[in-house]
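Residue numbers (the numbering used here), protein chains in the order written: chain A, 2 to 371; chain B, 2 to 371.
I should point out that these hints are in silico values taken from the structure, not numbers from a laboratory. Treat the hints loosely; a few may be bogus.
Any copy will do: because identical chains look the same in the list, a pair fits if it lies in one copy or spans two.
Here are the computed lysine to aspartate or glutamate pairs in the EDC-like style, where the Cα-Cα straight-line distance is at most 16 angstroms [claimed, not checked]:
no.	residue 1	residue 2
1	Lys282	Glu236
2	Lys282	Asp340
3	Lys306	Glu296
4	Lys282	Glu351
5	Lys282	Glu296
6	Lys153	Glu76
7	Lys282	Glu241
8	Lys153	Asp311
9	Lys306	Asp213
10	Lys153	Asp322
11	Lys345	Glu49
12	Lys321	Asp293
13	Lys153	Glu88
14	Lys321	Glu88
15	Lys321	Glu89
16	Lys153	Glu291
17	Lys153	Glu89
18	Lys306	Asp346
19	Lys321	Asp98
20	Lys345	Glu241
All figures in this text were calculated on a predicted structure; none of them were measured in a lab.
There are 2 protein chains.
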Amino acid sequence: MSSTTIPVRTASASYDVVIAPNLLASIGDRLATLLPTNPRAFIVTSPEIYGLHGHTLTHSFVTQPTILEVPPGEEHKRLSTVERLLEELAQHGADRDSILIAFGGGVLGDMTGFLAATYMRGIRYIQVPTTALAQIDSSIGGKTGVNLAAGKNLAGAFYHPLAVFADPAVLTTLPATELRAGLQEAIKAGIIRDRALFDYLDTNSAAILACDPESLTHVIAESVRMKATVVANDEREHGERMLLNLGHTLGHAIEAATHYTQLLHGEAVAWGMLAASAIAKRRGLITIAEHDRIERVILAYGPLKRFQADPAQLVTLTAKDKKNRSGARSFILPRGIGDAVVVKDVTVEELTFTAERMMAMVARQDVAHA
Amino acid sequence: MSSTTIPVRTASASYDVVIAPNLLASIGDRLATLLPTNPRAFIVTSPEIYGLHGHTLTHSFVTQPTILEVPPGEEHKRLSTVERLLEELAQHGADRDSILIAFGGGVLGDMTGFLAATYMRGIRYIQVPTTALAQIDSSIGGKTGVNLAAGKNLAGAFYHPLAVFADPAVLTTLPATELRAGLQEAIKAGIIRDRALFDYLDTNSAAILACDPESLTHVIAESVRMKATVVANDEREHGERMLLNLGHTLGHAIEAATHYTQLLHGEAVAWGMLAASAIAKRRGLITIAEHDRIERVILAYGPLKRFQADPAQLVTLTAKDKKNRSGARSFILPRGIGDAVVVKDVTVEELTFTAERMMAMVARQDVAHA
Numbered sequence: 002m003s004s005t006t007i008p009v010r011t012a013s014a015s016y017d018v019v020i021a022p023n024l025l026a027s028i029g030d031r032l033a034t035l036l037p038t039n040p041r042a043f044i045v046t047s048p049e050i051y052g053l054h055g056h057t058l059t060h061s062f063v064t065q066p067t068i069l070e071v072p073p074g075e076e077h078k079r080l081s082t083v084e085r086l087l088e089e090l091a092q093h094g095a096d097r098d099s100i101l102i103a104f105g106g107g108v109l110g111d112m113t114g115f116l117a118a119t120y121m122r123g124i125r126y127i128q129v130p131t132t133a134l135a136q137i138d139s140s141i142g143g144k145t146g147v148n149l150a151a152g153k154n155l156a157g158a159f160y161h162p163l164a165v166f167a168d169p170a171v172l173t174t175l176p177a178t179e180l181r182a183g184l185q186e187a188i189k190a191g192i193i194r195d196r197a198l199f200d201y202l203d204t205n206s207a208a209i210l211a212c213d214p215e216s217l218t219h220v221i222a223e224s225v226r227m228k229a230t231v232v233a234n235d236e237r238e239h240g241e242r243m244l245l246n247l248g249h250t251l252g253h254a255i256e257a258a259t260h261y262t263q264l265l266h267g268e269a270v271a272w273g274m275l276a277a278s279a280i281a282k283r284r285g286l287i288t289i290a291e292h293d294r295i296e297r298v299i300l301a302y303g304p305l306k307r308f309q310a311d312p313a314q315l316v317t318l319t320a321k322d323k324k325n326r327s328g329a330r331s332f333i334l335p336r337g338i339g340d341a342v343v344v345k346d347v348t349v350e351e352l353t354f355t356a357e358r359m360m361a362m363v364a365r366q367d368v369a370h371a
Numbered sequence: 002m003s004s005t006t007i008p009v010r011t012a013s014a015s016y017d018v019v020i021a022p023n024l025l026a027s028i029g030d031r032l033a034t035l036l037p038t039n040p041r042a043f044i045v046t047s048p049e050i051y052g053l054h055g056h057t058l059t060h061s062f063v064t065q066p067t068i069l070e071v072p073p074g075e076e077h078k079r080l081s082t083v084e085r086l087l088e089e090l091a092q093h094g095a096d097r098d099s100i101l102i103a104f105g106g107g108v109l110g111d112m113t114g115f116l117a118a119t120y121m122r123g124i125r126y127i128q129v130p131t132t133a134l135a136q137i138d139s140s141i142g143g144k145t146g147v148n149l150a151a152g153k154n155l156a157g158a159f160y161h162p163l164a165v166f167a168d169p170a171v172l173t174t175l176p177a178t179e180l181r182a183g184l185q186e187a188i189k190a191g192i193i194r195d196r197a198l199f200d201y202l203d204t205n206s207a208a209i210l211a212c213d214p215e216s217l218t219h220v221i222a223e224s225v226r227m228k229a230t231v232v233a234n235d236e237r238e239h240g241e242r243m244l245l246n247l248g249h250t251l252g253h254a255i256e257a258a259t260h261y262t263q264l265l266h267g268e269a270v271a272w273g274m275l276a277a278s279a280i281a282k283r284r285g286l287i288t289i290a291e292h293d294r295i296e297r298v299i300l301a302y303g304p305l306k307r308f309q310a311d312p313a314q315l316v317t318l319t320a321k322d323k324k325n326r327s328g329a330r331s332f333i334l335p336r337g338i339g340d341a342v343v344v345k346d347v348t349v350e351e352l353t354f355t356a357e358r359m360m361a362m363v364a365r366q367d368v369a370h371a
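Using the sequences and the hints given, assemble the complete structure.
Structure representation (structure tokens):
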């Protein structure tokens, strides 16, 4: 069975991402190799994930890790949850040598990374992502954090794990909608910088969506490889790393407008990528053929769930994007498949156009069943 | 008038600490030189400090900074306060280019540094410390954070400021007890690694305690220089930096036992240094003469306030120290003035001895009026 190791090398960290089916059963052994001193381990997880796969994970540990549970859901991705976990670590006697294991999806991984970043001013952690979104995208690159009332991911830290262990076999137990939504981030990776990955996603959608282990391993590995390259060049998102936010400016606005309840993150990003591609087409930045192919492949990994939002509100919400600096609004547009760029001159008129077009598309019955 | 600039150069940061009387009035100009793009500035401060010195500080800014207020006191050094400030930054439209100015004492500086470390995963900040403790010690070295219910400074980050501007003239407006407590950290710096500074503190206590600007500038500058050297060698406290915790293991235990209400931090550290010196004397690690001189100088910067605590409880509380790794207890002991070491073998029996001796000393009337 295929196993791929992708090195991540940044200014501040150096670690490997291992992607292999049935990897879960060997994580204890792998950790013992990485950390021969056998420090105390704490698994941060959700009851659902732990119920499904906890035994497979912990079976490989000689000393049983302590389990800290977090209820699933974006609404728990808050400083109050992190504070509760910090107190629990202290009560359990975690020290600077202890290691955290983030065992769950993107929300859990972001929060556990931030927990590791802040407990005693930083302890080690590994990511064991269990959703397509987390394996393809969010467990890589060291972005950790929580939401504020004022906006998503506004509190956090750049803090890299010691390793990432992604087991694609775990994805077979997830709801199909989560798999599809997560794969939108692989499409994003393809559009940004990897035309071959995009082609693969286009050609092999049936096998990928059927959770064929070889195909999933390939898609995850190539998505991670693209992201690792970008993060290596620009760890702190001063330039190139902004490209990874393709689809995210409007995606975040959609999530905020729908109070994070109607769409999965990957679905919101998919809508955001459609909107960015539409702006690029209208500008003549991308050919009509490439635009249409992007749209077709995104919808092939649908159906994209409908949502309700006011186009004007979506435009207003983009003004809060973290990429904005000193008032200038940044936006990522595709020039072609495998070639995205950061632009600073997207106008309110263009945003209004694309938001209205998007909401019209949302309203079309056939999109929801593409 | 004397002005001293001490460079801090670590693996992750490079910045200057400027110490000069009446520096406050030029900070806006200095910031404009450091950041010619004129980003939005936010002053985080306490009402008291801002009332005393806010006008002097803001007068030097062309564009008036936004003021965020935090009530003074260790009890506000919590994640809930940081969360409130994060929300306020977002509501005021702070972006990744914005800069925070920590204008206050040690608690305020620790919290503002953590606020800067976590807002949008890290924005820039400067330290403008206004207490002796903060100018001599806590504003230097990038340790930021807040307290948990489980212990002091258990949540935080290593995150350096862009610059530190310390104005010793500000110290004349502070209560004398705060000045004296803060100067204990200068004594600490002398004991750890700078015999000349210790000698200066011994010889010039009258001028220093009278807030003579030249003397204070010298003491602050030499304390900062010592700390900068240690932090340059060991930013993340894997070894040498632990030395800076001389007096802090028992000091933190005293603070915890007295619920942070009876002593100032520097006073607790002073008691902790006396206790560490007593262990060193009992071991024969330090000569009796050096031990007695340390005790005399610490008490010369007293009076050390009394407090109530059970020796056994103090010993128990030292087990929670952040320096402890994988169960091993670390302790800092002086081998002589200007020469401290990290030891791992301090026993519960030694801790009990020194805690009991300390509490007997506390009970002696003359100590409180030394």
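Now for the hints, and whether the structure bears them out:
1. Proximity of Lys282 to Glu236 under the C-alpha cut-off of 16 angstroms is found in neither arrangement, the shortest distances being 30 angstroms within a copy and 50 angstroms between copies.
2. Proximity of Lys282 and Asp340 under a CA criterion of 16 angstroms is satisfied intra-copy only: 14 angstroms inside one chain copy versus 69 angstroms between copies.
3. For the identical chains of this complex, Lys306 and Glu296 are intra-copy neighbours only, at 15 angstroms inside a copy versus 72 angstroms across copies, given an alpha-carbon limit of 16 angstroms.
4. Taking the closest pair of Cα atoms, Lys282 and Glu351 come within 16 angstroms of each other only inside a single copy of the chain (11 angstroms); across copies the shortest separation is 76 angstroms, beyond that limit.
5. Taking CA atoms no more than 16 angstroms apart as the test, Lys282 paired with Glu296 passes inside one copy only; the shortest distance there is 11 angstroms, against 77 angstroms between copies.
6. For the homomeric pair Lys153 and Glu76, the shortest alpha-carbon distance inside one copy (11 angstroms) is at most 16 angstroms, but the shortest distance between copies (28 angstroms) is not.
7. In this homomeric assembly, Lys282 and Glu241 never come within 16 angstroms of each other (Cα to Cα): the closest approach is 22 angstroms inside a single copy and 58 angstroms across copies.
8. In this assembly of identical chains, the alpha carbons of Lys153 and Asp311 never lie at most 16 angstroms apart, being 19 angstroms within a copy and 46 angstroms across copies at closest.
9. Neither within a single protomer nor between protomers do Lys306 and Asp213 lie at most 16 angstroms apart by alpha-carbon distance, with minima of 24 angstroms and 71 angstroms respectively.
10. Taking identical chains as interchangeable, the C-alpha atoms of Lys153 and Asp322 lie at most 16 angstroms apart only when both belong to the same chain, with a minimum of 9 angstroms there against 34 angstroms between chains.
11. When the C-alpha separation of Lys345 and Glu49 is checked against a cutoff of 16 angstroms, the pair qualifies neither within a copy, at 42 angstroms, nor between copies, at 42 angstroms.
12. Proximity of Lys321 to Asp293 under the C-alpha cut-off of 16 angstroms is found in neither arrangement, the shortest distances being 29 angstroms within a copy and 61 angstroms between copies.
13. Taking the shortest Cα distances, Lys153 and Glu88 sit within 16 angstroms of each other only across copies (11 angstroms), while inside one copy they are farther apart (24 angstroms).
14. With identical chains, the CA atoms of Lys321 and Glu88 are at most 16 angstroms apart between copies only, with a shortest distance of 13 angstroms across copies and 32 angstroms within one.
15. Taking identical chains as interchangeable, the C-alpha atoms of Lys321 and Glu89 lie at most 16 angstroms apart only when they sit on different chains, with a minimum of 14 angstroms there against 34 angstroms within one chain.
16. Proximity of Lys153 to Glu291 under the C-alpha cut-off of 16 angstroms is found in neither arrangement, the shortest distances being 31 angstroms within a copy and 57 angstroms between copies.
17. In this assembly of identical chains, the alpha carbons of Lys153 and Glu89 lie at most 16 angstroms apart only when taken from different copies (15 angstroms versus 25 angstroms within one copy).
18. In this assembly of identical chains, Lys306 and Asp346 lie within 16 angstroms of each other by CA distance neither inside one copy nor across copies; the values are 30 angstroms within and 62 angstroms between.
19. Taking CA atoms no more than 16 angstroms apart as the test, Lys321 paired with Asp98 passes between copies only; the shortest distance there is 14 angstroms, against 38 angstroms inside one copy.
20. For a Cα distance limit of 16 angstroms, the shortest separation of Lys345 from Glu241 inside one copy, 13 angstroms, qualifies, whereas the shortest one across copies, 46 angstroms, does not.
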